[in-house]
Amino acid sequence: MTGANVLLMMGCPEVPIQTSIALYLSHKLTKLGFDVTVAGTTAASKLLKVSDSDGYYVKKLVDLDKTIENIIEERTDFNICFAFMHNDAGMTYATTMSSISQARMYSIVFGRNAEALAETIEFDCEKIVAQDVHNPVRLKNKLDKVMEEIAR
Amino acid sequence: MSCIEQMKYRIHLERTSFKEAREYIEKNSDEVYYVSPGYKIFKDYYIIGIPPVAVGAKGNALIFTYTKPCYGSFVLSIANEDSVKEINRLRKSGKEKELASLKKGKPPESTRAPAASYQDIWKE
Numbered sequence: 001m002t003g004a005n006v007l008l009m010m011g012c013p014e015v016p017i018q019t020s021i022a023l024y025l026s027h028k029l030t031k032l033g034f035d036v037t038v039a040g041t042t043a044a045s046k047l048l049k050v051s052d053s054d055g056y057y058v059k060k061l062v063d064l065d066k067t068i069e070n071i072i073e074e075r076t077d078f079n080i081c082f083a084f085m086h087n088d089a090g091m092t093y094a095t096t097m098s099s100i101s102q103a104r105m106y107s108i109v110f111g112r113n114a115e116a117l118a119e120t121i122e123f124d125c126e127k128i129v130a131q132d133v134h135n136p137v138r139l140k141n142k143l144d145k146v147m148e149e150i151a152r
Numbered sequence: 001m002s003c004i005e006q007m008k009y010r011i012h013l014e015r016t017s018f019k020e021a022r023e024y025i026e027k028n029s030d031e032v033y034y035v036s037p038g039y040k041i042f043k044d045y046y047i048i049g050i051p052p053v054a055v056g057a058k059g060n061a062l063i064f065t066y067t068k069p070c071y072g073s074f075v076l077s078i079a080n081e082d083s084v085k086e087i088n089r090l091r092k093s094g095k096e097k098e099l100a101s102l103k104k105g106k107p108p109e110s111t112r113a114p115a116a117s118y119q120d121i122w123k124e
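Quick mapping for you: the protein sequence lines, in order, are chains A and B. Quick note on the working numbering: the first sequence kicks off at 1 and runs consecutively. Quick note on the working numbering: the second sequence kicks off at 1 and runs consecutively.
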């Protein structure tokens, strides 16, 4: 799958580990040869831009709603989508993405209610679940295994 | 920002789950139509939702869900000339009470627009 287009879809940045995992995943996938785009809300994007002000880890950062519009209007699409979610709205956005896009879906579910939220996911995806808020290491380790698989 | 935020709307339910928002529309509308996620209303709003996505009509008002990542799902209604057009469009499409599989075929391959660059976003 190396060379494929990958979308990292960030939701509300209220839970701290989202930003660090998005930066980590974007950089690792880029180094593996994937064409990575990160989509976020205004707040999530600003957190990322300040953390990575020279665009070293994130090469393409786009608006989440505009990206959804572009996929619906068939102006763009992706091969793989990692959807971050820690609340019902994040899960709702990811479900929409699974309906409108051809992308293979990976749901990154985190935060205090991660396990309960993961059970509400109805669309076809691989779930990466970690009931963590501040410490990103467990989620990072799970994602390392996923990246190994998709890089084959 | 979609055009919805610049229109005169009424909030029926706020900061709730999508499923609760859907149930509210089903219970409080004269007519209920089911559309796919991403269904476009009012020129530039694409409904974010979990199938089946309910859209209601009550008189001249269109009742729909509006989901924001940080605030959850809302049920809004708008009653104006455009809502009447939207209700008529739903009636013509004949999707009322249609609960069959709403996940249509995947969109075909199409011309890809290049994503905005990181530097472009930074300029905003």
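I should point out that these hints are in silico values taken from the structure, not numbers from a laboratory. Just so it is clear, the structure is predicted and the values come from calculations on it, not from any experiment. Hints are not guaranteed to be accurate.
[To be verified] Here are the simulated BS3-like cross-link-like pairs (lysine-lysine), alpha carbons at most 27 Å apart as the crow flies:
1) K68(B) / K66(A)
2) K40(B) / K66(A)
3) K59(A) / K49(A)
4) K27(B) / K68(B)
5) K19(B) / K127(A)
6) K145(A) / K66(A)
Verification of the hints:
{"no.": "1", "hint": "K68(B) / K66(A)", "in the structure": "13 Å, holds"}
{"no.": "2", "hint": "K40(B) / K66(A)", "in the structure": "13 Å, holds"}
{"no.": "3", "hint": "K59(A) / K49(A)", "in the structure": "11 Å, holds"}
{"no.": "4", "hint": "K27(B) / K68(B)", "in the structure": "23 Å, holds"}
{"no.": "5", "hint": "K19(B) / K127(A)", "in the structure": "21 Å, holds"}
{"no.": "6", "hint": "K145(A) / K66(A)", "in the structure": "31 Å, violated"}
In the structure shown, a violation is registered for the earlier hint numbered 6 alone.
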